[in-house]
Amino acid sequence: MSARAGALRGVFGAPVSRYDQASALWLLAPMLAVLLVVAVFPVVYSFWISLFDLKLTRPHRVPFVWFENYAEIFQDELFWSSVWRTISFTVMSVAAIMAIALAMALLLNEEFRGRRFLSAMLLVPWAIPYVANGLMWKWIYDSGYGALNGILLQLDFIDKYMVWLGDSRKTLALIANAFVWKEVPLATILLLVGLKSIPADLYSAARVDGANTWRRFVHITLPALRPSFMLVVIYETMMAIRHFDLFFILTEGGPAEASHVLAWHVYVETFRKLSFGTGSALAYIIALVTFLLAFWLIRTLGRKL
Amino acid sequence: MKQFERRDFLKASAAAALAGSGTLGAVGRALAADPIQFFAWSAGVDQVKSHISAFEAKTGLKVAYGNAPWAQYRDTLITKFVGKAPLDVLWVSDSWLPEWAEAGWLAPIDGYPELLKYNADVDDFSTKSMIWKGKQYGLTYYTDYMAFFYDEEMLKKAGFSAPPNTWDEVVQQSLKIKQAKLSEYPLMLSMARETWLIEFLSSIVFSHGGRFVDDAGVAVMQDKKKGAHEALTWIVNAVNKHKIVSPACVEIGELNGLKAFTSGQHAFAMLGRYRVRTLNDPKQSSIAGRAKQGMMPAGPNGKNATVGWNRFYGLTTPAAKDKAKAADAVKFIEWFGGKADGKYTFQKLMFMDVGAGFAVKPLFQDPDIIKTYAQYSDMKMYEKQQALAQKKDVVSPWFGEWDEVNGTAWQAAVVGKSSVDDALKRSADTWNKLRKRA
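Taken in order, these protein sequences are the chains called W and A.
Okay, so the first sequence: first residue is 51 according to the numbering used here, each after it adds one.
Okay, so the second sequence: first residue is 640 according to the numbering used here, each after it adds one.
In short, the hints are calculated from the structure, not lab data.
Please read all numbers here as calculations on a predicted model, not as lab measurements.
Check before you lean on any hint, since a few could be wrong.
Pairs of lysine-lysine, DSS-like flavour, derived with a Cα cap of 27 Å [said to hold, decoys possible]: (1) A:Lys723 to W:Lys323; (2) W:Lys188 to A:Lys882; (3) A:Lys898 to W:Lys188; (4) W:Lys105 to A:Lys1075.
Using the sequences and the accompanying hints, generate a full structural model.
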């Protein structure tokens, strides 16, 4: 069957026949069906659920409430305080991750003795599962027998054991520290890949032109790193906004509400209160905010860096 | 007459075929009768299994036993209820009773006098913990309460020959212990956000003669004359003014609190009564032999009361609706929550093997139990304090939701993020809002 003008074109510009189109559709159909069942249906169904006052513990009364769940969420003070806490955690974490990862990547991009060993060591935090990482930091921060108190006491920085996670002024920063420790390796590797792809000729030419180290960094390294940098910022921002594991293991949202972030809020509503309607609405709000934030980051960072 | 369903037909056909072919008559019987579907959390698994084996041998009935960890038990069970999974008998915590009864998942046992007769032997608070809206929903197999422990040796070093009997005396003794540099924070209090928190808070409130809610279910926790206010004020002062409780208490859970007390860091601790076995076990505790139980200290208007809790065997609604199934399930509940062969075998087994407490009073006179308990504590003190135990007054269908807010509010007062008044008002407002909505 011959292809008509204006029909679909293949990879090399050749027209695609109707037979090919139909075959492609048939071949893709099983995967499309799987995606419909495991991805599209849950997404649509969870939106449908978010329009009901659905509580598992009240199975006989599930009223359709339109957007009441969303309205209640926006009127809830705890929701807004958890939004601000999430923003603080995200800004703190992403800024630290980017600064440390960039420094590490620049270091590992140089040739020096022990570089391979350092690269291997860098992967250790990344290789540790989040739950194990959380438990490890719980031990480190423990106010009774934690390693942090032990080290600080031995170094004479403190004269008695301090309260760490139990002090609401420090809680968020300490969780951010544990998160940064875990995330820095991946960010470093991604930035290192970006650094390795910068042609050495550019630096040679700049040297010939008399550019010093700082100018080479500002005018060559940073612009060339733009795609990697943007990727890492977006990825780590998304990770920080949605992060749950460390909050669950280290503080369960406490003390008081010091670490009650959005992800924890969703967990409490959905799995502790078993309010699936409110939980779904919250999940949708987070998904929307995350999407808008990613869009904004791509638009702004993509232009400015 | 009951309709003969397709499933029954298939089972009967399979059983007939096997019996007809002369093979495995026992298998035929097993197929003809569904086993009792029993679900519990994963505690005392070996004891449960051995008692099930005895039940099966005695009655000829079969039991399908499943379990899930305590931490996931409520969610697992609710999912099973909603998904209409086969369940006949299950372990229930008193905290979930109103929620599950209101949802129609649990059936009352009031129609079974063979079960209710055991109430005569059971401590009053424990029976009350199984009652919702005037109906009883099970038989207890494990009951315990929040106890006050002290390190006898540390007290003696500080010059005290007896433990404190009031919360004021706790402050006085603790200050002297601190002064003598025997302990930086003499009282170990666990206030981390976990399921234990409401038990700790309730015991302090009850020992102050207080309540969270009145008999009509209206919040009184914010009322300065109703004890909860005094209790929270005492905790806030203990942490921030007297500094006899560590400010880290908000991150210390019950298990970590136990470890801290067994390591000899504290003079006093509030722990589940059953922990006394661990406290005085030289393999697990550096204060073994020194850990004694005292009466829960009393507030100015209190009487050494504490909070008690109950875990019981409950009957599901689907099982109760099926007469034959209900009859089997009732036999099973009696075997575990009542007497087996004329004795409270299961309760005794759980006490002897794992130290779990009991509510059936005759066991306090059991020679084996007295002898075993004497190895690590004082049976008279156990019984005396249990007589002053009260059921949690906040157990309701909205308990879980309220508990989230209440725990946070008390923590906020302790860490200085809110005043005692504001914390209790927030807790009371949430209670009233949830009650109204329900």
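These are the hints, each one checked on the structure:
| no. | hint | in the structure |
| --- | --- | --- |
| 1 | A:Lys723 to W:Lys323 | holds, 20 Å |
| 2 | W:Lys188 to A:Lys882 | holds, 24 Å |
| 3 | A:Lys898 to W:Lys188 | holds, 15 Å |
| 4 | W:Lys105 to A:Lys1075 | holds, 16 Å |
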